[in-house]
Amino acid sequence: MTKPKISRRDVLIGSSALAVGATFATRVLSASPPATEITPALIEAAKKEGKVIWYTSVDLPLAEKVAKAFEAKFPGVAVRVERSGAERVFQRIGQENASNIHAVDVVNSSDAAHSIVWKKANLLEAFVPEDVAKFYPVEHKDPDGMFASFRVWVSIIAYNTDLVKKEDAPKSFADLLDPKWKNKIVKAHPGYSGTIMTATFQMARDLGWGYFEKLAAQNVMQVQSSADPPKRLALGERAVMADGNEYNIFEISEKGGPVAPVYATEGSPLIVGPTAMFKTAPNPNAAKLFTAYSFTQECQQLIINVGGLRSVHPQTKDKPGRTPFKDIKVMKDDPAGVEATSDEIKQKYSKIFKV
Amino acid sequence: MTIAIPATQPPRKYGIDFTKPVLYGFAAVLCVLIVLPLSWLFLYSLTDSKGALTLANFYRLFTESSFYDPLVTTFIIATTSAIVCCAVAAPMGWLVARTDLPFSGVIRALVTASFVTPPFLGAIAWELLAAPNSGLLNKIFRGITGAEPDVHLFNIYTIQGIIFVISCYTFPYVFVLVANSLDRTPGELEDASSILGGGRWYTARRITIPLVLPALLAGALVAFLQAMTLFGSPAILALPAGFHTMTTKIWSLFQYPPKPELAAAASLPLLVLTVFLLRAEHMILGRRGYSVVGGKYGAPRLIPLHSWRWVAFIICLLVLMLPVFLPYMALFNAAFSPVATTFLTFKNATLHNIQFVLFDLSAASLALKNTVILGTATATIGTMIAVVIAYVTARRAVTGWRVLGFLATAPIAIPGIVLGVGLFLSYTRPPFVLYGTLWILLIAFVTIALPSAYQQLQAAFRTIHPELEDASRILGATRLRSLWEITAPLLRTGVIATWCFIFVGVMRELSAAIILFTSETKVISVLIYDLNESGDLGAISVIGIGMLLITFAVVTAVNRIPGFGNVRFRN
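So the protein lines, in turn, are chains S and L. If you read the first sequence in numbering that gives the first Met the number 0, its first letter stands for residue 0, the second for the next number, and so on. If you read the second sequence in numbering that gives the first Met the number 0, its first letter stands for residue 0, the second for the next number, and so on.
Possibly wrong hints are sitting among the right ones.
In silico PhoX-like cross-links for lysine-lysine, where the CA-CA straight-line distance does not exceed 25 Å [what the hints assert, rightly or not]:
#1 L:Lys-368 / S:Lys-67
#2 L:Lys-138 / S:Lys-181
#3 L:Lys-49 / S:Lys-347
#4 S:Lys-254 / L:Lys-138
#5 L:Lys-368 / S:Lys-64
#6 L:Lys-346 / S:Lys-254
#7 S:Lys-170 / S:Lys-213
#8 S:Lys-50 / L:Lys-368
#9 S:Lys-165 / S:Lys-328
#10 S:Lys-350 / L:Lys-258
#11 S:Lys-347 / L:Lys-258
#12 L:Lys-138 / S:Lys-165
#13 L:Lys-138 / S:Lys-164
#14 L:Lys-138 / S:Lys-179
#15 S:Lys-46 / L:Lys-368
#16 S:Lys-353 / L:Lys-258
#17 S:Lys-165 / S:Lys-325
#18 L:Lys-368 / S:Lys-47
Honestly, the hints are just simulated from the structure, not real lab data. Since the model is a prediction, treat every value here as computed from it, not as a measurement.
Taking the hints into account, I'd like the entire structure generated from these sequences.
This is the structure in structure tokens:
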């Protein structure tokens, strides 16, 4: 997995790839740009543009809530959310970029590897919001100021509490291989979801591909987005999910939905979702304003409270009733590793699961 | 005695007749529309990712199970769906056209309703109804029998489930062909058989069935092709069912890193099979068209069903519950209930989904705008092109009219997703960089709509005798003028029906749009696909119901335009 070959992702479609070497050389020397505050001048400039286009893989209702909160705080700047699975967002941006279409202002992906690719291809704008500069831990921001962690969460096991008693629920990934779960598992797909791409990488590394082969024999129901398995659980379509967003489980269970999380004893895959803005952003000032807002304590607390996400902003508070993040055993994240092997992961996965 | 007739000099105008340049212009446009994407498709299928010539794509296609499994699956689905469609639609078409079935107009309207329903929406609705555990029908079944939670009656996530859903929204094609053919078949032939002593079954076997056979065969073929090239229903159902069809496989090849050369290669079997089947149909039927329209015939004799009338009617209604009543009830339920597959009660009803779609879903207004623009533009342009070509071929107006007719029919052989791939390859590079604009979608939609629009209008032209135009021409009008002043008014109803047909087609279209959209050019069908990806079924239901209302509103509005008369909307 650490083989130093140049993956196809490095050669991000088209001409930008040629610039990689040169850009990198200068970037290493340059420090991150100075932090930007939200000034009245920035707000004014953003209002002139009037809108910001946000490509994201955050579950749609939550993404629209963030958009509405932003619009309420900065009236006159409308947010349009373009939501699909992170791998599709990535494909879309690549495809649009190759055709010289520049529609995206700000992106938030659930596959941290994407930011690495975009940075290498010299597509990202160096922009450091005040909150990121002041509060964000070093490991959660790019040294060159290209991106920072907007959200953190885990991909977890969960079960439908109407269909499974607490004591019968699986405790670990290994438990999911028990024959009693045959035909009862739902899981999302790494070809569409960045969360699942990241999770599949970590699980394949820690548990081996053999685990997935055995899981496939359980006749799992395959869906696309990591936001979907929690919703299928809530419908009662399947009893257990093998992977999916922790935050959707919180969101559903806190509204009284019959789902409960399980933090696998092997550790839960850790997912980090960086936000970045594009150099070619059609609405650069609105993009800056939105990016800056998304890292504020206010927005971060919002995604915790209504979204069930985790934040690395130190001024935010966990919501009572949820397992504190520090108490969860997580697998180690490795965006560079994902970046190098994502194509291989997709191929192996579709060979094993037939889709 | 001779009467001197004063020599009347017809007021001839020596204006330039623009007919030929206009027609050749159309031919050139059609060539570009069809030939360009197909050429790129062929070229790409024969190159590797670096652009060198190779056969490796085809080698992979036929050696890797991840490619030929979907091919086999697709073939099974298409064949079975075609059989199911014929088995359901042919008897129903006969009942409606040839018997004294009560309320046959209602049955026709319901078939139209299932035709208007986008297949992907139908698939989502059937997910709500027949998912093994959460499906409403399975819940009812368990409620009645008291069965265990895991026991289910239906499972939509199976190959049978997909065949069922595809058949639900494909059988209208067969129904319309069969019913129209029976409508046109005169009763005299059957009467002659009876008079000569043929019994009812003998007449049916020797007269009616052979007469309707070409239509049935054509219907089977259309159903097969539809099922083979459909993207919507498999895209919703195949992934949870754990397999790919050819169309979903082609779509997955656009995942990052995109492999357009493999997608092109995978598209070609669909194209080749379609062309082959169309040729085969032509060879089987040959010239065996039954020229049954001509002169004045009595209305077809209706066979009295006696006491079976109401039984037949109820059976028809029961069958039509599957594509129409049940799915719309499921969507309605999901739109207003707190959780998509919880039964709606007065207590738990919520407007949350409506509120979400109307006020929170920021991509919706743009998608709606794009869809309406594209629907209107495609319908208008497509109808115009189809009118001209239908005229030229019906009147054999220029040399080479056959070519024009062929070009207008050719897109029928290009599955939507294949066309999408071809257009993507054609219009993402100079000189035509159209990707990212509505133009590329317009081109795709016009191309897809052209064959059926052309065929409908050609049929309409055949009902107008050329002598009317000839009179106008003799009096000195150019062809375009006589077309405009004589033929066009007579064609009104046919034109409006075609316009509506194309508009509805645009609302239904997903397979080319899914390849060609960008965030700025998203249409409703793609938005629904995106919402399905993350399982937002409540929002989908609201949009789906809204989409249907728009469709009905547009069709009704167009039919109400003063002076256009009332068109019976027929597929």
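List, from low to high, the hint numbers that the structure doesn't satisfy. Checked against the structure, no hint fails, so every one of them is satisfied.
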